[in-house]
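Chains as they are written, first to last, in my numbering: chain A, 1 to 538; chain B, 1001 to 1403; chain C, 2001 to 2236; chain D, 3001 to 3387; chain E, 4001 to 4252.
Mixed in with the good hints, there may be bad ones.
[As the list claims (entries may be wrong)] Taking lysine-lysine pairs in the BS3-like style, the calculated list, with each CA pair at most 25 Å apart, reads:
1. C:2099 / E:4025
2. B:1224 / A:149
3. B:1224 / A:41
4. A:105 / B:1274
5. A:112 / B:1224
6. A:532 / C:2099
7. D:3118 / B:1162
8. A:406 / C:2099
9. B:1396 / D:3194
10. B:1191 / A:149
11. A:110 / B:1274
12. A:109 / B:1274
13. A:110 / B:1224
14. A:149 / B:1198
15. A:87 / B:1278
16. A:87 / B:1274
17. A:147 / B:1191
18. A:532 / E:4025
19. E:4060 / A:523
20. A:149 / B:1199
21. B:1199 / A:46
22. B:1199 / A:147
23. C:2112 / A:406
24. A:532 / E:4060
25. C:2128 / E:4025
26. A:406 / C:2128
27. B:1199 / A:112
28. B:1198 / A:41
29. B:1198 / A:147
30. C:2128 / A:532
31. A:105 / B:1278
32. A:41 / B:1164
33. B:1377 / D:3118
34. B:1274 / A:84
35. B:1396 / D:3118
36. B:1377 / D:3194
37. B:1224 / A:147
Source of the hints: derived by calculation from the structure; they are not laboratory data.
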Amino acid sequence: MSLPRALIACLFFLFAAPVAVSAQEVDLPGSIAQLAQGKLKDRAAKVEILLKSGDPRVATVLNQLAEGTLYYRKSDKKVFLTEKTGKTYALTDPLTGEEIKDQSKSNLKKIKANNSLRRTIRDGLSLFALSSSDPDERMQAAETVFKSKDPIALPLIEARLLKEEIAEILSLLNQAKSAIVLSSADMPDTAKLEAISILRTMGGRGALTLLSAVEAAPKSAVAQATQLAITSIERRLSIWDAVQNIWYGLSLGSVLLLASIGLAITFGVMGVINMAHGEMVMIGAYTTFAVQQAVQIFAPGLTDYSLLLALPAAFLAAGLVGLILERGIIRFLYGRPLETLLATWGVSLVLQQTVRTIFGPSNKEVVNPSWMSGAVELAGLSLTWNRIWIFFFALAVFGLLFLLLKRTPMGLQMRAVTQNRKMASSMGIRTPWVDAFTFALGSGIAGVAGVALSQIGNVSPNLGQSYIIDSFMVVVFGGVGNLWGTLIGAITLGVANKFLEPFAGAVLGKIFVLVFIILFIQKRPRGLFALKGRSVEQ
Amino acid sequence: EETIKVGVLHSLSGTMAISETTLKDAMLMLIEEQNKKGGLLGKKLEPVVVDPASDWPLFAEKARELIDVNKVSAVFGAWTSVSRKSVLPVFEELNSILFYPVQYEGEESQRNVFYTGAAPNQQAIPAVDYLMAEEEVERWVLAGTDYVYPRTTNKILEAYLKAKGVAAEDIMINYTPFGHSDWQTIVSDVKAFGAAGKKTAVVSTINGDANVPFYKELANQGIKAEDIPVVAFSVGEEELAGLDTAPLVGHLAAWNYFQSVESDANASFIEAWKAYTKDPARVTNDPMEAHYIGFNMWVKAVEKAGTTDADAVIDALIGVAVPNLTGGYSAMMPNHHITKPVLIGEIQDDGQFDVVYETAGLVPGDAWSDFLPDSAKLISDWRAPLSCGNFNTETKTCGGKGE
Amino acid sequence: MPETAALKVQSIDLHYGAAQALRNVSLVVEKAKITCVLGRNGVGKSSLLRAIVGQHPVSNGEILLGRDAITKAPSYTRAGKGIGYVPQGREIFAQLTVKENLETGYARLPRKQRFIEEEIFELFPILKDMLSRRGGDLSGGQQQQLAIGRALVTRPDILVLDEPTEGIQPSIIKDIGRAITYLRDEKGMAILLVEQYLDFCRELADVVHIMDRGEITHSGPAEDLDRDDVRSYLTV
Amino acid sequence: MISGFLFRGLQGRIAWVAAALALIAVLVPFLNLSLAPDHALHIPDYAVSLFGKYLTYALLALALDLVWGYCGILSLGHGAFFALGGYVMGMYLMRQIGSRGVYGDPILPDFMVFLNWKELPWYWFGFDQFWFTLLMIFAVPGLLAFVFGWFAFRSRVTGVYLSIITQAMTYALLLAFFRNDMGFGGNNGLTDFKDILGFTLQNGGTRAGLFSASAFALCLSLILSSAIVRSRFGKVLIATREAESRARFLGYRVEHVKLFVFTVSAMMAGLAGALYVPQVGIINPGEFAPANSIEVVIWTAIGGRGTLIGPILGAITVNLGKSWFTAALPEYWLFALGALFVAVTLFLPKGIMGAMASVRQKFSAKKSAPSDPVIGTPATEQSGDAS
Amino acid sequence: MTEDLPLTPVLLYLDDVSVSFDGFKAINGLSLAIEAGEMRAIIGPNGAGKTTMMDIITGKTRPDSGDVLFEGDMDLTQHDETEIAQAGIGRKFQKPTVFEDQTVRENIELALAGERSVFASLFYQESEADKARINALLDTVRLTHRASELAADLSHGQKQWLEIGMLLAQDPKLLLVDEPVAGMTDAETIETAKLLREIAKTRSVIVVEHDMGFIRDLDVKVTVLAEGSVLAEGSLDHVSAHPDVIESYLGR
Ligand SMILES: Nc1ncnc2c1ncn2[C@@H]1O[C@H](COP(=O)(O)OP(=O)(O)OP(=O)(O)O)[C@@H](O)[C@H]1O
Ligand SMILES: Nc1ncnc2c1ncn2[C@@H]1O[C@H](COP(=O)(O)OP(=O)(O)OP(=O)(O)O)[C@@H](O)[C@H]1O
Ligand SMILES: NC(N)=O
Ligand SMILES: [Mg+2]
Ligand SMILES: [Mg+2]
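Please model the complete structure; the sequences and the hints are all you need to start from.
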């Protein structure tokens, strides 16, 4: 959001435009110097004065104030625009543009802003930006005006409406105009009716709020139109809310799927009650952190793609730990599944403490890459990018695993070995190798899940613990040993959770889901996709 | 060589290790520095560290061990209220001293415990005042983890807001389980709640681990501080260290200390801390400051009493004032809470807070909230002759003791 | 003189914990011959086979496959060297389909040999009908047929069968008998057969060993064995 | 008949251990209270309270072993019964506070007062009476176990499915008790207890008394459990564990068998919880945490499951280790404990009791009937067509 | 009970029973009547549905259609395994199934007839008569010398014997024996046939076997099942001559 030069250019152009009308003669150097004085709460008034000036240089100053890059020099309280270069700051005089390089932080003091000040600046500057040559800025300005409903903007919008060519911005401007029209008392009914119809097409909560606030004589055309618009919007909203909720459910389901899919191998296929599964996820998440750190040091340009590097790294790291675990401990416990619970519990304690010792006990910061930040608005839906990616990623991991298990000789060997190790060996299958591979695969997949989960939650030594119970619930609910069960189980529990949450609240909702699982198992004592027939009895 | 033992009772493993380990380190540093200054009463201080492992009954067991077996003179420890509640009878029975460094729900004043963290009136109420005055907030979301601290705080805030004329439909209260990680629904509810045209803010008493996914979801759903600010009471520098704060700039926290506070005491404390941990990136936070204050108060009281005997020190502590890290002095009051400044800070993209508001003077901690009907009647004063943690001003009896 | 012994067992002992199940057992399995082991319940027949296929370690003695000592080798190595095993109790992979059960035999085969020979389906047509049924759902006799078929998929040089006729209908027992003869005569396979079903054994075997209490008490060519003689060895 | 039945429990090693427990129930309070602190045989207060707690853990582990070791029901939710017993006792202790609470309310516990509750919820009635409390200590966990077991066993939920739904049960209770609206003090739980049956809790004598009660409770439960497993019913239990459906074909009503032990075991766990709470001074929803229940399983496994003495030894050993490590190696104790678990699994597959048995076997040539049953094969390894 | 109903001496009556698994008809309109005191041999190709039939009788599998009546009025399809066992139907499985973690003696003890309720078994005291009976049974199945060993340590054939012992201990009215002589030597097979004939004097028995010598020794009426229904019925000689039986079962 940093202020581009383009804005300044267009402000020059603006001098001839209506804003200039409201521009006042202001003592610029004095007012700017004033910013460095006094308390934060008095600063708003000074900003207002500067905004009135209409001077293009003011926009830069105010933007930097909002961004927190406006400083004054301690020695003489002179205000500067700053740019951090390495460890030092380059100072620019806001009025003369004169530059001073290599200033140390200790000579400077930041001029603070708070939210309300930033809001004042944003609203004020949006008036300028309405005519910016950068479409993105015009778009943002229109949105800001829609929120601020500042009547001053009305003539500016109308001027711009005549020139605007981009349809999207055009409609935003119309919406902003409607917002202003509806929230001002003295507008003609025709204008109001037009505004209502625009808002009706726009839909959404913002429109609804504006419409609900419309004051009109009962039974008047305006009142009726308003009422109709409100009903129409509400109906649409309720549909979109339901769809949105399904998406939340799917998204939660995909997180559950990721968390449990490795367990579907180590526990579901191999029968190892793997209490260290969560820690494999944790290892994946810490690998992501480590890779990100390394990328930031060695190839800062690739930071946005460090997740892609983290995927194989996490698979290998967690897989390797899994391999060591299998060769060192698990292999002595085949045929004694309950003992695997004890041993892997011990391993999970050790792994947690190891991570705590190496990385420290507190959360680690894993940055969301830009392509996983923010949301996409799709009709009435708001889908956040990280959830979208995770959803498809989970499906992809599931698909690959499914193919591996069902369609490859290795998959067949894995299943044979876990069903009857001795006989598999007598069929010529290298059981130790298959065991090690299978466990490492399950662990590696848990690690890969950790990469994804680091994007939405904590990366801390406790990370594994927060997923382990849910993972077991999913695998068991779906039916142990059935990969489809894990998929459908995860999605079902996710959606069920999200449908209960609005009624019951998050806490009771979760309790209901647990009770649901308990009751469901009564109906299907071997899970959703129970293996049937003689082969499983006893 | 005879030493004075100091117990450090913070979880180094389990769910709370994430917060408490730092406090253990801080205590070790404070003790080491005191020893460099020549110790106390001519003796060296010796820390005794145990790990209660985020397991509440284990807190009680370890407290007993520290006092009974290790014979410590005072204990610095606990974070969650339940861990404090768990050790409380032990300190009472064995008559020892506990310094508790974390903001909490209040409604307690015990002879053997000194509360150096904030009571609700030292954190929550000023924060709401700020939002009303500065941000002109009219609609409130009180979001918390479902446990006693948020429940009590929100109860107090609800009463306070209503007293200030906020309508019931302009308050939304929401509780989530510990470690809640899927915030999609709640954040979108907040968004909808805030779209009603009135300026809306979120007052968050969300605990520890649940914060990272909460803020990530806030950022991704595009809730900006300028539109719907979130003010948190449990998010400090340590918590922010696990987050990309760039999208969160402008969201708020209310504490009695921020690392960014500019004072000489703070500057040297931070320097010492970074040197002690050998980590230039290590941050400081409010509970650390509370330990800093509590420890210095204890040192001063022991010097004043000339002994580490618990009774003498407990009496000596009241009235002791030591420098805090924000540039003033904090004093121990007769209700075993301390005076503190209240600061509101905005999150910056470097993971620090920028102080945007500070109370004019120090706010004394109120053990018994004035906004809860049954609590409003109570006062605490551990000085003779009252010597009571919950004196009922109406019946003129000491609640807990007057039978 | 060419080596005619496919497998040599040289004075092995086998223990289950403290209990000894085999004492000083020696035996030779010749190429292209059917060697039959007879004995009452619990005398150690299955234990002997387990020792040979590597499912239970021996405490003493040696096992030679051709000239290689395989005494300590794991089962999969032995399978890889050509020992096919049909265990007592069938040991079907219950959750795998019939087809997958058969395909587990591919593990030791080079890629281009990974197919199921038509002969197997000719011998056990039922398997072809039930390719996609789960192994565990088959009837007892069907499972027995699957177990034999599965062992044949690996194209073994030595086929080790533990009471293969158990639970199988008479007509198929006859087929199995024919098949075993065919494997010996046409493929030169060495066959080691444990049986209780005396007539079956007498009809097929070239060499017969009789076990009692963990020892081989009598050995000799099949034609030398008198029916009543054997009966007397086998009575309780 | 009952006494004859119990007497059957008092055989062999069990008799010795029961006698030892009865002895320490008497001796420890004596050595703690009547000897001067510097006397060589004096037992310090700290040790009394510590071991009093361990005894309740041991009782919990014993209860679990009855269902897991003997009947093959791996309950990952036994902590729930323990916690419920604890809450029942906690409610009694809360009501004993009376008007001595901080707000001086004669009826309402403090946490209700400050959250503005106006009256006592119905489910808090009766807990001012000790006899009622005593009844509830058994009735509440017993009833939950009965209802839960009734459905689960009738539906033939077995194996991991059963384990996981017991985990779901305790997890749901955890979340429910965390809720302040439930009226059990939320996360802070029930605290600030003053006295039990008129005896001040912060008094050495009371603590010694509670220690004694715990030792006796363990002693009696041990005898009862031993009587159960030595009866023909005990053999049915093992038969059920091994081949449930085979037992059905013999005419045993397996679901009743399971329901009976599950309920008895839950009651024992409830008793353990009830004795635990006054000794540690707090009960909070954390006791419902699934990890707690898993730990109980681990104590049992370490001691040796399917033996009655094993779980007692296991509970005490692991907790002693934990108490010691958390003070001696506060930053590294998880390594030690984790390694211990792994080592026990690898080197003592049948736990401490199994190791002791094999040592004994080495000395005595004659092999006795094994008392440590082998753990069953996993479901995935079973094949074949019979039952 | 059978004395009361001399006109309907049918102990077990399967009426037009069918069951299918995933569309495969394992039992197809099967009807069969076993009289009180009768021993019946059942033969038939692998997969004919013999074991499935036993599963249906003992409550393990619910038929899709048809009735199974025991003692005239008890519809077995409405009862579970426990009730059916308590009503007096005992079973030996095709694959020997014993309690491997318990001793041979305990296995017999568990099977011993008597009250099965929780409280009865809690307070059960072994009587002299019971003890004698257990010893006698151990003798019968020739496992006395291994009585105190774990059943897991028995060989395959020994487990077969143990299971027969358990079946006898149960003292049922109807015994279902699935391939009792699989894995036994010829001599043992003869012994078993004798034993079964002895048992059949006092109760009904259904035997499934593939060993024709054994069936001949039993010398009873034979039912041939094929593809889930009755193919032929009569004496062994009669059915052996049946061309379909030769074709699908005996072979040439
Ligand atoms: N896993 C085992 N553990 C302990 N003892 C065993 C085990 N398997 C077999 N035995 C014992 O070893 C002896 C030999 O058993 P094995 O199975 O080799 O007999 P077998 O000759 O094959 O008998 P069958 O004809 O009944 O199959 C028997 O006494 C048996 O009880
Ligand atoms: N659960 C099931 N799912 C699919 N098919 C099944 C199932 N149970 C049995 N079958 C099939 O039903 C048929 C009858 O099986 P059953 O075990 O009753 O045969 P059987 O007559 O006992 O044979 P055998 O003599 O080989 O023991 C077989 O073809 C079998 O594959
Ligand atoms: N006291 C608290 N923050 O739990
Ligand atoms: Mg055998
Ligand atoms: Mg069959």
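We went through each hint and held it up to the structure:
1. Taken as a hint, the residue 2099 of chain C and residue 4025 of chain E pair is honoured in the structure, with Cα atoms around 21 Å apart against an allowance of 25 Å.
2. At most 25 Å may separate the alpha-carbon atoms for a hinted pair to count; residue 1224 of chain B and residue 149 of chain A meet this at roughly 18 Å.
3. About 21 Å separates the Cα atoms of residue 1224 of chain B and residue 41 of chain A, which keeps this hinted pair within 25 Å; it holds.
4. Between the alpha carbons of residue 105 of chain A and residue 1274 of chain B the distance comes to roughly 19 Å, so the proposed pair stays at or under 25 Å and holds.
5. About 18 Å separates the Cα atoms of residue 112 of chain A and residue 1224 of chain B, which keeps this hinted pair within 25 Å; it holds.
6. For the given pair, residue 532 of chain A sits about 18 Å from residue 2099 of chain C by alpha-carbon distance, which is consistent with the 25 Å threshold.
7. Between residue 3118 of chain D and residue 1162 of chain B, the direct Cα distance comes to roughly 20 Å. Compliance with the 25 Å bound is thereby established for this hinted pair.
8. A C-alpha spacing of about 13 Å is found between residue 406 of chain A and residue 2099 of chain C, which places the hinted pair at or below 25 Å, so the restraint holds.
9. At most 25 Å may separate the alpha-carbon atoms for a hinted pair to count; residue 1396 of chain B and residue 3194 of chain D meet this at roughly 22 Å.
10. The hinted pair formed by residue 1191 of chain B and residue 149 of chain A meets the criterion: a straight-line CA distance of about 19 Å does not exceed 25 Å.
11. In summary, the hint linking residue 110 of chain A to residue 1274 of chain B is supported, as the alpha carbons are separated by about 24 Å, within the 25 Å threshold.
12. Annotation: proposed proximity of residue 109 of chain A to residue 1274 of chain B holds, straight-line Cα distance about 23 Å (limit 25 Å).
13. Between residue 110 of chain A and residue 1224 of chain B the CA atoms are separated by roughly 22 Å; this keeps the pair inside 25 Å, and the hint holds.
14. Distance check on the hinted pair: residue 149 of chain A and residue 1198 of chain B sit about 13 Å apart at the alpha-carbon level, within 25 Å; holds.
15. For the hint pairing residue 87 of chain A with residue 1278 of chain B, the CA-to-CA distance comes to about 21 Å; that is within 25 Å, so the pair holds.
16. A C-alpha spacing of about 19 Å is found between residue 87 of chain A and residue 1274 of chain B, which places the hinted pair at or below 25 Å, so the restraint holds.
17. At roughly 14 Å between alpha-carbon atoms, residue 147 of chain A and residue 1191 of chain B fall within 25 Å of each other, so this suggested pair holds.
18. Between the alpha carbons of residue 532 of chain A and residue 4025 of chain E the distance comes to roughly 16 Å, so the proposed pair stays at or under 25 Å and holds.
19. Under the criterion of a C-alpha separation no larger than 25 Å, the hint pairing residue 4060 of chain E with residue 523 of chain A is consistent with the structure, at around 18 Å.
20. In summary, the hint linking residue 149 of chain A to residue 1199 of chain B is supported, as the alpha carbons are separated by about 14 Å, within the 25 Å threshold.
21. Of the pairs offered as hints, the one joining residue 1199 of chain B and residue 46 of chain A holds, with about 23 Å between alpha carbons and a cut-off of 25 Å not exceeded.
22. A distance of roughly 11 Å separates the Cα atoms of residue 1199 of chain B and residue 147 of chain A; the hinted pair therefore holds under the 25 Å criterion.
23. Distance restraint check for residue 2112 of chain C and residue 406 of chain A: the Cα-Cα separation of roughly 21 Å lies within the 25 Å cut-off, and the hinted pair is therefore satisfied.
24. Taking the CA atoms of residue 532 of chain A and residue 4060 of chain E, the gap is near 13 Å; set against the 25 Å cutoff, the hint holds.
25. For the given pair, residue 2128 of chain C sits about 18 Å from residue 4025 of chain E by alpha-carbon distance, which is consistent with the 25 Å threshold.
26. With a C-alpha separation of about 21 Å, the suggested pairing of residue 406 of chain A with residue 2128 of chain C holds against the 25 Å cut-off.
27. Taking the CA atoms of residue 1199 of chain B and residue 112 of chain A, the gap is about 22 Å. The hint holds against a cut of 25 Å.
28. At roughly 22 Å between alpha-carbon atoms, residue 1198 of chain B and residue 41 of chain A fall within 25 Å of each other, so this suggested pair holds.
29. With a CA separation close to 11 Å, the supplied pair residue 1198 of chain B and residue 147 of chain A stays within the 25 Å bound.
30. For the suggested pair residue 2128 of chain C and residue 532 of chain A, the alpha carbons sit about 22 Å apart, so the restraint of at most 25 Å is met.
31. Taking the CA atoms of residue 105 of chain A and residue 1278 of chain B, the gap is about 23 Å. The hint holds against a cut of 25 Å.
32. Between residue 41 of chain A and residue 1164 of chain B the CA atoms are separated by roughly 22 Å; this keeps the pair inside 25 Å, and the hint holds.
33. Our distance criterion of 25 Å between C-alpha atoms is met by residue 1377 of chain B and residue 3118 of chain D, whose separation comes to about 17 Å.
34. Distance check on the hinted pair: residue 1274 of chain B and residue 84 of chain A sit about 24 Å apart at the alpha-carbon level, within 25 Å; holds.
35. A threshold of 25 Å between alpha carbons decides the hint, and for residue 1396 of chain B with residue 3118 of chain D the separation of about 23 Å falls inside it, so the pair holds.
36. About 23 Å separates the Cα atoms of residue 1377 of chain B and residue 3194 of chain D, which keeps this hinted pair within 25 Å; it holds.
37. Taking the CA atoms of residue 1224 of chain B and residue 147 of chain A, the gap is near 13 Å; set against the 25 Å cutoff, the hint holds.
Of the hints listed earlier, there is not a single one the structure fails to meet.
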